[in-house]
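Visitor: Here is how the chains run, residue by residue.
Number of protein chains: 2
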Amino acid sequence: MNTILILGAGKSSTFLIDYLADSCGPKGRTLILADLDLDAAQDKLQDRSGTRASQLDTQDEQKRRTLISEADVVISMLPAFMHPLIAADCLELGKHFFSASYESGAMREMRAEIDRKGLFFLNECGLDPGIDHMSAMKIIDEAKAKGEEIVSFKSYCGGLLAPESEDNPWKYKFTWNPRNVVLAGQATSRYIENGELKFVPYHQLFKRTETIRFRGLGDFDGYPNRDSLSYRQVYGLEDIPTMLRGTLRRGGFCKAWDVFVQLGMTDDSFQLEMPQGTTLRQFLNAFLPYHPELSVEEKLAELIPDLDFPAFEKIQWLGFFENRKLPKTKGSPAQLLQAILEIDWELQPEDRDMIVMQHLFEIKTSEGIKKISSSLVSFGQDSVHTAMAMTVGLPLAIAVDLFLDGKIQLTGLHIPVIPALYEPILEELGKKGIGFEERIH
Amino acid sequence: MNTILILGAGKSSTFLIDYLADSCGPKGRTLILADLDLDAAQDKLQDRSGTRASQLDTQDEQKRRTLISEADVVISMLPAFMHPLIAADCLELGKHFFSASYESGAMREMRAEIDRKGLFFLNECGLDPGIDHMSAMKIIDEAKAKGEEIVSFKSYCGGLLAPESEDNPWKYKFTWNPRNVVLAGQATSRYIENGELKFVPYHQLFKRTETIRFRGLGDFDGYPNRDSLSYRQVYGLEDIPTMLRGTLRRGGFCKAWDVFVQLGMTDDSFQLEMPQGTTLRQFLNAFLPYHPELSVEEKLAELIPDLDFPAFEKIQWLGFFENRKLPKTKGSPAQLLQAILEIDWELQPEDRDMIVMQHLFEIKTSEGIKKISSSLVSFGQDSVHTAMAMTVGLPLAIAVDLFLDGKIQLTGLHIPVIPALYEPILEELGKKGIGFEERIH
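So the protein sequences, as listed, match chains S and W.
Quick note: the first sequence, position 285, residue 1425 per the working numbering, numbers continuous.
Quick note: the second sequence, position 386, residue 1526 per the working numbering, numbers continuous.
Heads up, some of the hints might be wrong.
Unchecked claim - Which residues of chain W face chain S? A partial, calculated answer using Cβ under 8 Å:
(1) Ala1324
(2) Thr1328
(3) Leu1337
(4) Lys1338
(5) Phe1339
(6) Arg1348
(7) Asp1407
(8) Leu1412
(9) Phe1427
(10) Pro1429
(11) Thr1469
(12) Pro1473
(13) Ile1483
(14) Trp1485
What the hints assert, rightly or not - In silico DSSO-like cross-links for lysine-lysine, where the CA-CA straight-line distance does not exceed 30 Å:
(15) W/Lys1347 - S/Lys1470
(16) S/Lys1439 - W/Lys1571
(17) S/Lys1311 - S/Lys1395
(18) W/Lys1347 - S/Lys1439
(19) S/Lys1439 - S/Lys1395
(20) W/Lys1347 - S/Lys1510
(21) W/Lys1511 - W/Lys1465
(22) W/Lys1395 - S/Lys1395
(23) W/Lys1203 - S/Lys1395
(24) S/Lys1439 - W/Lys1203
(25) S/Lys1439 - W/Lys1510
Just so you know, these hints were derived from the structure itself, not from any lab.
From a predicted model like this one, the values you see are computed outputs, not experimental measurements.
Ideal Cβ placement from N, Cα and C applies to all residues, glycine included.
Using the sequences and the hints given, assemble the complete structure.
Guide: Below, the structure is given as structure tokens:
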């Protein structure tokens, strides 16, 4: 068992490819890297021994299945909706499957068949989901082993900028899919706090922030993220009184972003068409009540009573009070906003990104409540070798490497919440400099 | 041509059935009333000459088509999603079709075939849509005939309570589908004001109200309703600078309803399950931020800074600050809220409802801007003979009656925006006491 197939040679695959391509020579493995863009795939492999690139349109079922047939393990770095299709091919052709994406319902329906065929399918083995599960479960399992009770668990993660690249008032640029950033949080967030179920609608989300601190990096805004309640079962914490998972932005980002949310400018539910030549100022005005005399600035201040200067400055920096033209005039409000932001929040070649993750535990011990914070900070090298690509790709690469080395000996459908997975993977991540700093308060 | 088939004998069909059943004897017509509930249908017909009831499960295609085959004109009072199915049957079997619902895309696809077969299909011939179109187009066509230019048209409609039945602080009870009332406004509202396109997201909608006055009835809140922009074309007002269609509630209703919107309690996008025995107070608390000391009332006041006593009193009257148990604990927040309101906002047998509609025109004439307001107020008799059923059912009944009498001689797919339709229908409505009071300001 020594042939690896990676589907997708995009930006987030860089570290994954390097780690596994480097292993081919020493470990006598074969790596096939398949992408629609053959040049890009060849570029990433750099003729390393045992590796080859292959041109693949994933819709070409025959070619796809031929490639999968050649492999022992298949890693899908394709868009999430493709995973069930690839996983179904793997199931039929008897191949092991790896992804960094959420384990879907479609994947769970394959569970019995995966078991029956003795295959190993691993999902959620990237950053978030991935490193979050592994680092949290290590602390949870340790506490449980000591007979301690976890009474509160909050976990936050963010893909942001290294401080020296925070050169705009938002302290933000796109290091990830812009559309996902613009639409972030549109599902009602659910969590539990001190035994009280809490539901946060989208238009309250960016007001419902908590300040999260990282040593030497300062303050971040954390807002609750989707359905934290379902993670009680995933983590074996069914009766925990407080459980919240959230997303991090730089301090002040959420208050300014909330202006767009309040205006309705992140709305993706309908299509509009602004006249050609519409300015950002006019676009903003379309979300403000009509007034015969008040200026756009005055109407905005009236609509958002708690608008402060730091938030105003961020909106202003994007050009919303000027006569700059809309880069896109037809689409949903969210699509028009995204087109504006893609210009102003573009990651520059020399920019370095930053991944921050923090777990906050409150654990009942025989000596009272122990508070643990466990923090990960990871910096990118440049706009290609990002911390995002590293922290998403390395856990998956390591999992595949350990599996092929026989150091992970599991079958069935898994996410990395069991010691047999998280212990060896976290150990290797540590060697690569991806580790958590734990503090007991 | 003298056989009428009415599909659906529900509450909103009462006046429609009476009008057409009464016409059977004098005009030698046959009326078939089909409903799942045969007793209800028989009850409504009261053995009037020429009428008969028929039991019909609309999913029973064979029986449905047999009934349609017997008729010359078919009136669908079924839920809106059924109309295209019934219309397709009518098209195939060569029958004329009438409904009070919106003309759907599916219906428009049938247009060429309707024309080819020389059939008459009429939709949007109820209250809103229906009377609104007819009464507005009369004023619009008159102005155009005089060479005047309509520069502003706002149109509001509401299904409310007669003043003597306004015996709760909301001055509201359900006179129409409760689910539609709870979810009202969840599509982004779009209109144009003084040439400026305006988009209003749901969470701003109930703040963006205009006060609308009716002589002798006092103040109402009007909020913009869905896509007013598309009506520019329907009414032949493509270049109008101001065009808005809206919904009316009693003054003060919107500010209190907005509290539920802000909390996220009208959210229908996810399912929750509250523990058995959860109180309304605890349900409200689930939408408030956690605080170790503040009361539910204090947290609510903090979340909704402009909460005033009239709004607070309305929420309080529903029992949200008490330990009353939730009538339903599993479903979307909107479904749980609806279950509460269905108890407190239930129309009592002696209650009378009220329909209010007002058009506000600004018309450029040779003498300057002329302002016209045209208002309709209609009262129900009791909780069965509602103004809602009367104003929805009579326009449709009259249209069918006129068509069978040969006084409407049209073929093709229509809504009542042309004089050949609105003139005779408005005239008959006037004889039934449904008329507009026009004032020039």
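Visitor: Evaluate each hint against the coordinates.
Guide: Status of the hints after comparison with the structure:
About 16 Å separates the beta-carbon of W/Ala1324 from the nearest beta-carbon of chain S, more than 8 Å, and the hint is not met. Hint on W/Thr1328 holds. Least Cβ distance to chain S is approximately 5 Å, under the 8 Å limit. The criterion of a C-beta within 8 Å of any C-beta in chain S is met by W/Leu1337, whose closest approach is roughly 5 Å, and the hint holds. Annotation: W/Lys1338 was flagged as interfacial toward chain S, and the flag holds, the nearest CB pair being 6 Å apart, inside 8 Å.
For W/Phe1339, the suggested interface contact is upheld, since its CB lies about 6 Å from the closest CB of chain S, less than 8 Å. Against a cut-off of 8 Å between C-beta atoms, the interface hint on W/Arg1348 holds, since the closest Cβ of chain S lies about 6 Å away. For W/Asp1407, the interface hint holds, the least distance from its beta-carbon to any beta-carbon of chain S being 6 Å, beneath 8 Å. The restraint placing W/Leu1412 at the interface with chain S holds, with a minimum CB-CB distance near 7 Å, inside the 8 Å limit.
Here the hint on W/Phe1427 is kept, as its CB sits about 6 Å from the closest CB of chain S, short of 8 Å. Of the supplied interface hints, the one on W/Pro1429 holds, with its beta-carbon coming within about 6 Å of a beta-carbon of chain S, less than 8 Å. Checking W/Thr1469 against chain S: minimum C-beta separation of about 11 Å lies over 8 Å; hint violated. Interface hint status for W/Pro1473: upheld, as the beta-carbon distance to the closest one in chain S is roughly 7 Å, under 8 Å.
The restraint placing W/Ile1483 at the interface with chain S is violated, with a minimum CB-CB distance near 22 Å, outside the 8 Å limit. Interface restraint check: W/Trp1485 against chain S, minimum CB-CB distance 23 Å, threshold 8 Å, status violated. For the hint linking W/Lys1347 to S/Lys1470, the alpha-carbon distance of about 27 Å falls within 30 Å, and the restraint holds. Note on S/Lys1439 and W/Lys1571: the hinted pairing is violated, with a Cα-Cα distance of about 48 Å set against a maximum of 30 Å.
Restraint check: the Cα-Cα separation between S/Lys1311 and S/Lys1395 comes to about 13 Å, which is no more than 30 Å; the hinted pair holds. Our distance criterion of 30 Å between C-alpha atoms is met by W/Lys1347 and S/Lys1439, whose separation comes to about 14 Å. Pair hint S/Lys1439 plus S/Lys1395 holds up; C-alpha atoms about 18 Å apart against a cutoff of 30 Å. For the hint pairing W/Lys1347 with S/Lys1510, the CA-to-CA distance comes to about 46 Å; that exceeds 30 Å, so the pair is violated.
Annotation: proposed proximity of W/Lys1511 to W/Lys1465 is violated, straight-line Cα distance about 51 Å (limit 30 Å). A hinted pair counts as satisfied when its Cα atoms are at most 30 Å apart, and W/Lys1395 with S/Lys1395 qualifies at roughly 24 Å. Of the supplied pair hints, the one linking W/Lys1203 and S/Lys1395 is violated, its CA atoms being roughly 60 Å apart against a limit of 30 Å. In summary, the hint linking S/Lys1439 to W/Lys1203 is not supported, as the alpha carbons are separated by about 60 Å, beyond the 30 Å threshold.
Only pairs whose Cα atoms come within 30 Å are accepted, and S/Lys1439 paired with W/Lys1510 is accepted, the gap being roughly 29 Å.
Hints 1, 11, 13, 14, 16, 20, 21, 23, 24 from the list above are not met by this structure, while the remaining hints are.
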